[in-house]
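Undergrad: Since each chain sits alone in its own frame, please combine them into the complex, following the hints.
So you can see what is in the structure, the chains are spelled out below.
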Amino acid sequence: MENSGQIPIILIVEDIEWIRYGMRKAVERQGYRVVEARDAAEAIRLAELQPIDLILTEEEVPTFNDLTARLPRHPALSNVPVVIINPDAEDGARLGDTYLLADYADISSFLAVLHR
Amino acid sequence: MKEMLTNKILTGLHDGDFARLMPLLHPVSLSTGERLSEPGEAAPFIYFPESCVISCLAHMQDGKSAEVGMIGFEGVADITGLVNPQAAVHSLSVVIGGSALRVRKDDFDREMLRSEVLQQSLLNYAAEYLAQLYQRSACAIFHLVEQRFAVWLLLLTDRTEDAVIQITQERIADYLGVRRAGVTVVALHMQAAGVISYKRGNLRIMNREMLEEMACECYGTLAVDRPRQTTYM
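Line by line, the protein sequences are chains A and B. Here the first sequence is numbered in the numbering used here, starting from 155 and rising by one per residue. Here the second sequence is numbered in the numbering used here, starting from 79 and rising by one per residue.
The following block holds chain B by itself, in its conformation from the complex (with noise of 0.2 angstroms):
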């Protein structure tokens, strides 16, 4: 079964622990544009994403959003809930859909404290999770809404494999925290340089080389390695 896996966590557990574990895992099938947890709410769930990206987003009073953590195959959604029993003041949202494994809060924290394997990789993950949320707040702060568009397109189709992205100009607005007018124009901007196409919904990655080049040096420091053999442990 753990070989059959990407997840990081996961399989970078020792047999026995991933044993335990296995019988509290349920496969499930998360669809675009799912909410998994809303602020205020103690998420029941954690979710360890397959094939899916799920985005961390924070909320202003006004209604609008800014994705501020992403969630793939190399970690768990959500870290916090899991450090914090009180009720988040974020949201998780399913950027792309496709498979993950759930389990329930309580279950994994019964297995958390067995084991101090989980407990290190988790521990490790965390460390990784915040390095991320430090440097995309900086990201946020000091660089271009183009160079911040073209890391998160980086960052999810590090976590995808895929050149097609199906979202629409809204949904990429309410990640970015910009006015959806905002990214058409940035959009416009990267389909006239030949990076990327779009229509309605479909957004395909043309040209990854030139889409990096056009990404801040936040990039650098937030790539993930695909390679599942690449564990926390």
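Same shape as in the complex, but just chain A (with noise of 0.2 angstroms):
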């Protein structure tokens, strides 16, 4: 499901609390609308309800593989990006699938280049 709202809406996939706790204020202070699951199964659930225009996740979560395996299979998420943000990550760097951003403030310029 895509938005059409003004605010992009993030969706972070955090299993442990304080992690996503952390990465949720990183992502408002961006100005982003943010919408949280604790794995992959969740996040689809989530992303299936509402429209999402990022998935916002880390190389460690748990679910990490089942979550960029089952993506791009889905109807409705297959165009939906998923980015890691890593201060020590090259630019353009990618994880398979997964894009990698060194900022939180780079995703601003992510989505825009990804709309173009």
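The set of hints was computed from the structure by calculation and includes no laboratory data. Be aware that a few hints might be false.
Said to hold, decoys possible - Per the computed footprint, the stretches of chain B lying under chain A, defined by three or more beta-carbons under 8 angstroms from a beta-carbon of chain A, are:
id: 1; stretch: 244-251
id: 2; stretch: 260-268
id: 3; stretch: 275-282
Given the structure is predicted, the values throughout are model-derived calculations rather than measurements. Ideal placement from N, C-alpha and C gives every residue a C-beta, glycine not left out.
TA: As structure tokens, this is what we get:
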């Protein structure tokens, strides 16, 4: 489901509560709306219920492989990009189909390029 | 020679003991990230850090690790190898590259038997190192990752005297025993507060006073005195 609203919605997938909270605060500081999931199954359920512009997760989430395997096959979610914020990542780096960005502040330009 | 050194154990030795040990000591330059020993091995060398900082890591079967002790100019890596010749359960890794003096363990064992001053100096350091392990064990149970990260940065920079640390967040995560993404969100909070800056492997402490405020009480127990005049004997 695509988001036709003004403010992009970011779905954060993270199983550890304090990391999820830190990611949420960082995303909200960039002006986005946030929904949260603890694993791949919950993420897909939430993404089916509401428009999602970007899925933000991290490489050590236990269901990371499940998430990245299921999304491209899901008719409503195949175009939703999965992003990891890693300050050590090189520009344009990828982890499989997942995009690596160095900073939460890079989400804006990433979405702009994606929708160009 | 002794006056040119920083290591507190070596500079604290009597001249005669130091003179006997000196021919056995070899200056080495250790690289950041270098592994000095692995779990299951008996380390062949003893290291007296000068400008480098060495980390003692405990390992889990799933590959996770965490730093349990830090060794710099104030100590020797590693003290457990001197006490117990059995294969170690931990590993030694260089957190910050720099100089050290290295001695073969069997050579050092012989010198240790000859010098009561050296034995006493090592025992004093062993007590200090154990105190570090005790405090950090409790710290890991009771305190938040942000507090432990602040303490770790303070312990590291006490030993390097440099506000800049060349280290990736992935390596910091290995030392703190948390996920890399956890280090990223904590580092972001510290950056927003103006305490540190971080860009691609380059961490700079911008405000040490604020960093000390972010740290838990454990830093007060764990801080090491830098003046080289302070010796163990």
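Undergrad: All the hints need checking, so say for each whether the structure fits it.
TA: Against the structure, the hints:
Only residues whose C-beta sits within less than 8 angstroms of a C-beta in chain A count toward coverage, and the stretch 244-251 of chain B has 3 of them, enough to reach three; the restraint holds. Residues of the stretch 260-268 of chain B with a Cβ under 8 angstroms from some Cβ of chain A number 7, which satisfies the need for three, so the listed coverage holds. Counting residues of the stretch 275-282 of chain B whose CB falls under 8 angstroms from any CB of chain A gives 4; the rule of at least 3 is met.
Violated hints: none; the structure is consistent with every hint.
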